[in-house]
Amino acid sequence: MPEEVLFKSESDQSREEIASYLRKVADNLESGDPINLKAGSESVTLNPPARPTFEVKAEREGPAGNMTERSIEFELEWDENDGEESSKSGQLEIE
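Residue numbers (numbering that gives the first Met the number 0): 0 to 94.
These are calculated hints, taken from the structure and not from any lab test.
There may be inaccurate statements among the hints.
No more than 25 Å apart at the CA atoms, straight line, and that leaves these computed lysine-lysine pairs for BS3-like [as the list claims (entries may be wrong)]:
{"hint": "1", "residue 1": "Lys56", "residue 2": "Lys7"}
{"hint": "2", "residue 1": "Lys7", "residue 2": "Lys37"}
{"hint": "3", "residue 1": "Lys23", "residue 2": "Lys37"}
{"hint": "4", "residue 1": "Lys23", "residue 2": "Lys7"}
{"hint": "5", "residue 1": "Lys56", "residue 2": "Lys23"}
Input sequences plus hints: build the corresponding full structure.
In structure tokens:
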């Protein structure tokens, strides 16, 4: 499926700085407020619906035989037209 990137930001941050960004997103999700992303001259405002699809992915990446890069990806997905999607992959637990 084709993809259009609306916003992208990538930079080294401390754990505390990352936690602050994630906390702000969590607060906005909980209150129903839009999520405003801004970096330099780029910006986008998103309004996730009440029940977006939440995807969590842990990956190991790198060239064959030397896959040393790790990542955790958190993704919210929804259809702009109806905003209500459901997924049946089991209950997520983060400890």
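Fill in: Given hint lysine 7 paired with lysine 23 - CA-CA distance at most 25 Å
Since the Cα atoms of lysine 23 and lysine 7 sit roughly 17 Å apart, the hinted pair holds (cutoff 25 Å).
Discussion item. Tell me if the straight-line CA distance from lysine 23 to lysine 37 falls inside 25 Å.
Written reply: Distance ~13 Å between lysine 23 and lysine 37 Cα, so the pair holds.
Item to complete: Take the C-alpha atoms of lysine 56 and lysine 23, compute the straight-line distance between them, and say whether it is at most 25 Å.
Response: holds (21 Å)
Item to complete: Mind checking the alpha carbons of lysine 7 and lysine 37 for me, to see if they're no more than 25 Å apart?
Response: holds (9 Å)
Practice prompt. Please work out if lysine 56 and lysine 7 have their alpha carbons no farther apart than 25 Å.
Written response: holds (18 Å)
When each numbered hint is compared with the structure, no violation occurs for any of them.
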